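There are 4 protein chains.
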Amino acid sequence: MTLETLIQRTIAFRDARNWKQFHTPKDVALSLVLEAAEVMEHFQWKTQDEIDEYLKSNKKEVGEELADVLSYLIIMSHDLNIDLLDSLDKKLNKNEEKYPVEKSRNNHTKYNKL
Amino acid sequence: MTLETLIQRTIAFRDARNWKQFHTPKDVALSLVLEAAEVMEHFQWKTQDEIDEYLKSNKKEVGEELADVLSYLIIMSHDLNIDLLDSLDKKLNKNEEKYPVEKSRNNHTKYNKL
Amino acid sequence: MTLETLIQRTIAFRDARNWKQFHTPKDVALSLVLEAAEVMEHFQWKTQDEIDEYLKSNKKEVGEELADVLSYLIIMSHDLNIDLLDSLDKKLNKNEEKYPVEKSRNNHTKYNKL
Amino acid sequence: MTLETLIQRTIAFRDARNWKQFHTPKDVALSLVLEAAEVMEHFQWKTQDEIDEYLKSNKKEVGEELADVLSYLIIMSHDLNIDLLDSLDKKLNKNEEKYPVEKSRNNHTKYNKL
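Chains A, B, C and D supply the protein sequences, listed in that same order.
Everything in the first sequence is counted per our numbering, starting at 1 for the first residue and increasing by one.
Everything in the second sequence is counted per our numbering, starting at 1 for the first residue and increasing by one.
Everything in the third sequence is counted per our numbering, starting at 1 for the first residue and increasing by one.
Everything in the fourth sequence is counted per our numbering, starting at 1 for the first residue and increasing by one.
There's no promise every hint is true.
Which copy is meant is left open, so a pair is good if it fits within one copy or across any two.
[As the list claims (entries may be wrong)] With a Cα cut of at most 20 Å, we get these calculated SDA-like pairs of lysine to any residue:
no., residue 1, residue 2
1, K26, N81
2, K90, Y111
3, K20, Y111
4, K98, I82
No lab work stands behind these hints: they were computed from the structure.
This one's a predicted model, so the numbers in the text were calculated from it and none came from an experiment.
Using the sequences and the accompanying hints, generate a full structural model.
Written as structure tokens, this is what we have:
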């Protein structure tokens, strides 16, 4: 299983249903948020202990929500002709400058307040 | 550039800053939503024509937000020991059953109302 | 029906179930986002024409989601001792400065790019 | 300061800028989510102790974000001709049935799993 194969399969799934007509950037972004919210909902109201317990029997469900988020990342980057892996590579370069180890170690402060 | 390399780099970046202490599932999920919201914000209030125009000069910025979403997907799946690609593969299998081509073609109705 | 009465009723509902123990600012904020996402889901994939049609028979459902958002606004402002109406009054003052009519008329550009 | 006055002021602010043209239900819902996300961002990565400390000096900022959420609730309910207070009143009636005190006391389980 490679990302490349899954990108092809995701786009083929979409195109077989002729869904590109619905996939405007605004609606795909909205859907990305909705799926991310579904990931988050698994942890709502739970303490860390309850989350640990919950994950013992619900890891598959969380994985499915993460997959939904990934599928919209794939669709948006495909449709906008953005190289997702290259974007992350460059963002990591940028974050290494924004969050120097000596300043950010053990510190969750955002770069603009560091 | 492979996903595997970027997963390693993302986790190394995080661990060099000793940030795992902040990365509870709840906070990572919350961050996933915040980054997805930043993707969406690029399209707020814009018509499709304005979005097309906007993307001519802002594709890199959108790519950076998509990269942020991907980085939290990577962190959550790594920390929960979830195989992201395998999850998407299985979700695609499931979606093929939930959205049969003959019913879903040209139709954005959710599976539970199909 | 006044807002004041509904604030009292919302807090009484919560306290009768002894739910304040779950209502940390982080979880209430997370819930506010989840309920706002449920409002948004009603409009996912729909064109404006489809939305107009949808609202003819689903206004009550949208109203219930808006009510859920309002209930978490009430809970957070109550628990943090924030006066919601006074906050909006002051924010409107601020927005009148940030978005002067002559610059913002027919223009959805954010204040920091005006 | 009453809610009624603030509804009138919010709509007058919008209409003076001729912004109704941008306020489709989809974009207002999207904006509601973005503002709710900004509330949530105040609590990202923070422990409860850090949140308590943070709120000592940042309550006004959180109040402004809550006000932004309220302003989009007002705009959507105004434009869709939904009575926000009546919706909350009815939702509270419904929640009293969905979450009976004896079952829900000290219990954050969602009604469909109670």
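Here is what the structure says about each hint:
| no. | hint | result |
| --- | --- | --- |
| 1 | K26 / N81 | within (16 Å within a copy, 25 Å between copies) |
| 2 | K90 / Y111 | within (17 Å within a copy, 29 Å between copies) |
| 3 | K20 / Y111 | between (38 Å within a copy, 17 Å between copies) |
| 4 | K98 / I82 | neither (23 Å within a copy, 29 Å between copies) |
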